[in-house]
Amino acid sequence: MGKKVTEYPVIWLQGAGCTGCSVSVLNSVSPTIKNVLVDEVIPGKHVSLVFHPTVMAGTGEPAIEILQDKQKTRRGEYLLVVEGAVPAAEGGIYAFVGEEDGKPVTLLSRVLSLGSNALAVIALGTCASFGGIPAGAPNPTGCRGVKAIFEEHNISTPVVNIPGCPSHPDWFVGTVASILLGGLPKPEELDEFRRPKLFFGSLIHENCPRRAYYDEKKFAKKLGEPGCLYDVGCKGPVTYADCPLRLWNGGVNWCIGNNSPCIGCCEPGFPDVVSPFYARMGENLPQARGK
Amino acid sequence: MGRIVIDPVTRIEGHLKIEAMVEGGVVKEARSTGTLFRGFEIILQGRDPRDAQRITQRICGVCPTSHSTAAALNLDSAFGIADKIPENGRLLRNLILGAAHIADHILHFYHLAALDYVDVAALAKYRGKDPALKSVRDFIARGESAPFVSRGRSDFRLSRKASETLAAHYLKAFEMRRKGQEAAAIFGGKLPHNVGIVPGGVTAVPTVDKIASFLWRLNELREFIDNVYLPDVFEVARAYPDYFEIGAGCKRTLSYGVYELETAEADLVKRKRLFLNGIVFEDLKREPLDISRISEEVKSSWYAEECKGKPAAGKTIPAPHKKDGYSWIKSPRSDGRVCEVGPLARVLATYAGGDPRMRELVDGALKEAGVSAKALFSTLGRHLARALGAKFIADSMPAWLLELKPGEPAYIDSKVPEESEGMGLVEAARGALGHWIRIKDGKIALYQCVVPTTWNASPRDDRGQPGPLEQALTGVRLKDESSPVEIERIVRSFDPCIACAVHLLSPKGMEIGRVEIC
Numbered sequence: 003m004g005k006k007v008t009e010y011p012v013i014w015l016q017g018a019g020c021t022g023c024s025v026s027v028l029n030s031v032s033p034t035i036k037n038v039l040v041d042e043v044i045p046g047k048h049v050s051l052v053f054h055p056t057v058m059a060g061t062g063e064p065a066i067e068i069l070q071d072k073q074k075t076r077r078g079e080y081l082l083v084v085e086g087a088v089p090a091a092e093g094g095i096y097a098f099v100g101e102e103d104g105k106p107v108t109l110l111s112r113v114l115s116l117g118s119n120a121l122a123v124i125a126l127g128t129c130a131s132f133g134g135i136p137a138g139a140p141n142p143t144g145c146r147g148v149k150a151i152f153e154e155h156n157i158s159t160p161v162v163n164i165p166g167c168p169s170h171p172d173w174f175v176g177t178v179a180s181i182l183l184g185g186l187p188k189p190e191e192l193d194e195f196r197r198p199k200l201f202f203g204s205l206i207h208e209n210c211p212r213r214a215y216y217d218e219k220k221f222a223k224k225l226g227e228p229g230c231l232y233d234v235g236c237k238g239p240v241t242y243a244d245c246p247l248r249l250w251n252g253g254v255n256w257c258i259g260n261n262s263p264c265i266g267c268c269e270p271g272f273p274d275v276v277s278p279f280y281a282r283m284g285e286n287l288p289q290a291r292g293k
Numbered sequence: 009m010g011r012i013v014i015d016p017v018t019r020i021e022g023h024l025k026i027e028a029m030v031e032g033g034v035v036k037e038a039r040s041t042g043t044l045f046r047g048f049e050i051i052l053q054g055r056d057p058r059d060a061q062r063i064t065q066r067i068c069g070v071c072p073t074s075h076s077t078a079a080a081l082n083l084d085s086a087f088g089i090a091d092k093i094p095e096n097g098r099l100l101r102n103l104i105l106g107a108a109h110i111a112d113h114i115l116h117f118y119h120l121a122a123l124d125y126v127d128v129a130a131l132a133k134y135r136g137k138d139p140a141l142k143s144v145r146d147f148i149a150r151g152e153s154a155p156f157v158s159r160g161r162s163d164f165r166l167s168r169k170a171s172e173t174l175a176a177h178y179l180k181a182f183e184m185r186r187k188g189q190e191a192a193a194i195f196g197g198k199l200p201h202n203v204g205i206v207p208g209g210v211t212a213v214p215t216v217d218k219i220a221s222f223l224w225r226l227n228e229l230r231e232f233i234d235n236v237y238l239p240d241v242f243e244v245a246r247a248y249p250d251y252f253e254i255g256a257g258c259k260r261t262l263s264y265g266v267y268e269l270e271t272a273e274a275d276l277v278k279r280k281r282l283f284l285n286g287i288v289f290e291d292l293k294r295e296p297l298d299i300s301r302i303s304e305e306v307k308s309s310w311y312a313e314e315c316k317g318k319p320a321a322g323k324t325i326p327a328p329h330k331k332d333g334y335s336w337i338k339s340p341r342s343d344g345r346v347c348e349v350g351p352l353a354r355v356l357a358t359y360a361g362g363d364p365r366m367r368e369l370v371d372g373a374l375k376e377a378g379v380s381a382k383a384l385f386s387t388l389g390r391h392l393a394r395a396l397g398a399k400f401i402a403d404s405m406p407a408w409l410l411e412l413k414p415g416e417p418a419y420i421d422s423k424v425p426e427e428s429e430g431m432g433l434v435e436a437a438r439g440a441l442g443h444w445i446r447i448k449d450g451k452i453a454l455y456q457c458v459v460p461t462t463w464n465a466s467p468r469d470d471r472g473q474p475g476p477l478e479q480a481l482t483g484v485r486l487k488d489e490s491s492p493v494e495i496e497r498i499v500r501s502f503d504p505c506i507a508c509a510v511h512l513l514s515p516k517g518m519e520i521g522r523v524e525i526c
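Line by line, the protein sequences give chains E and L.
Our numbering puts the first sequence at residues 3 to 293.
Our numbering puts the second sequence at residues 9 to 526.
Because the hints were derived from the structure by calculation, they are not lab data.
Quantities reported herein were computed from a predicted structural model and do not represent experimental measurements.
One should not assume that every hint holds.
To be verified - Straight-line C-alpha distance at most 27 Å; calculated BS3-like pairs for lysine-lysine: (1) L:K375 x L:K169; (2) E:K224 x L:K218; (3) L:K375 x E:K105; (4) L:K133 x E:K223; (5) L:K180 x L:K133; (6) L:K382 x L:K259; (7) L:K375 x E:K219; (8) L:K330 x E:K105; (9) L:K293 x L:K331; (10) E:K105 x L:K331; (11) L:K137 x E:K5; (12) E:K36 x L:K180; (13) E:K223 x L:K413; (14) L:K92 x E:K224.
To be verified - Across the chosen pairs, the derived CB separations fall in these ranges: (15) E:A91 x L:A140: 44 to 54 Å; (16) E:P140 x L:A381: 23 to 33 Å; (17) L:P296 x E:D274: 35 to 45 Å; (18) E:E102 x L:A149: 42 to 52 Å; (19) L:K323 x E:A91: 39 to 49 Å; (20) L:G33 x E:Q70: 26 to 36 Å.
What the hints assert, rightly or not - A few chain L positions that, by computed beta-carbon distances, are all more than 12 Å from chain E: (21) K92; (22) Y178; (23) P364; (24) A377.
Glycine included, C-beta positions come from ideal geometry on N, C-alpha and C.
Isolated chain E (complex conformation) (with noise of 0.2 Å):
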């Protein structure tokens, strides 16, 4: 007690997405997510989520005016969450956060204005990485990812990209506490679509318990059968993520886990490259992990 806690300000954005990398931080389960929302992540120094949709107490104008106050008074102190993809057409009206004199701002220049004045961005989630779901094919509201539209914005605010559908907690808790402790990720702990090599260092098939399989040629002809799943679309041959290491939800199961093939869910091709998702993936594959 009495001792110094240094704050990290997080502002966390909502964007074309589906909440779900929200819920699955709260799955988090060492750190808890009151560990992550109440105590110090790491000793002296708290992250202090200021905005988040979801859990935040308040509501309409006081909510937004935390964004404004936070964006002058923490100019490049505060962290960037942006979940969900940025819809881009027609200047970003497909999505709204809020309202500033009477007129509703575009979650497109809430991304840039914030972004600009944040000290780092995590995109979290494959829609706030690379566009995911909601850019799928034919793409109707011009989604994109963080990275994409910094470049286009000329806005050099570093970004780390923690993709996955949704992203793993510890991913995100790791990096965020990797961050607080060392500072910003160094270039070579990136990999080249800005995925910190921690997590997204090795392919799922490099590590997958069925790895045996495949090198003896026993594929499961169908869902729920033993064997390897790459008869039935498995995409762990292209996919990099320690899922097969780390498991999912306090370590209960995983997809490959539970018979059902990897979707591809943290390669900038899903949905689209990576699918039909239970379709055997084509010979090309390995050269169309980029859009």
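Using the hints, position chain L against chain E.
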């Protein structure tokens, strides 16, 4: 007449704006507007039908399990296997969906709704020994009180001790809802966005260790519902009894029924389900569900008149300059009648249908709250029905677990037909959810979802009848127009899910949406 705008309405799923016209402190008229559009029905066109249950889950990360179930039932019927699902598949679907619903109801009451009734700032003076509450006190003392505390809130009526208890339960509830999601993931692979529920059943094969692991999470949840959740709803009800009268709405509810008790019947309306389907009226009489009576109206929606009609043939042609339009949400009606959907609807349908266990549960709760069954049509009634619904599901689940046959498959394989149609009806945590598909050349030609919040947040229909949420807000007296807590409490009692409800949005429409009625 004054105009109150709440934008964004926080602690709901998605992006919602509420506008209320107020005269003499009373809401004369209310309108709700969704402010995000992603266009799922357009994205689904031309894809492999089997991908629908992966993609439609991403409509909503709060209720993805319900979408996967609706999609799987929809595809079961389109693939011609609705009556061939293995028993293990039926039971596992019930268990995955049940655990997700329980987690969702707990999340809704504690993390979305409770901050309207509980003043967490009261913990600043906490002197007790609970380590969790002490850490919250220290947190508030550091001056960074977000996200629990906001400026300008009023009408907190719980005693300091009750507030402390509820705040402790708010923290405990985080753990409980997490365990609900873990239980669902035991057979669903992961949550949110499970991979287990597919057309043909469930991909997991139940084993004894998984059954035990599920059971003991369920046991904890049941203990929490009985000893914490339900008592807390009564605690709030005692402090805010007027909310058994505020926010009644249309007093007519509609349920599709949910949790399969058999697989032999392919027709989902006739299939035996734990929660019954049907429309329940103010006099608590129940009319059986008739899907052919359901159609969507678009008089107040920015869609061309030809978009009116049955969901199975649903069209979505935007008409942003439409004179009477003020919403991007359509107006689903049953025989032209406005219906509320949600936990209240399925509890009432089951109660009015004479289910003995539901009658005992509801009658006992009404006695404890000291109100009549008609008081369930209210803000508090929705919260009470949600908690009772959670108990009803949770108490049904141990038997399903024990019926599972370890090691036996829960899935039957099938082929995607060249041409077919399907329908999937289920209850999401927040109400009746329907998916419709038309398959052509083995691909999705048309996919339509009519989601709970489309019913609840619908605008005025062809006859000018306001939607359930609009009706619930009309006539409400505001104690303090600068802090319209009454509006927020009513809106959140519906547990709106706006990401689901908004199907299409177009540029110029937003301007029309902001016309003031003064």
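### Task
Find the hints from earlier in the document that the structure breaks and name them by number, from lowest to highest.
3, 4, 7, 9, 16, 18, 19 and 22
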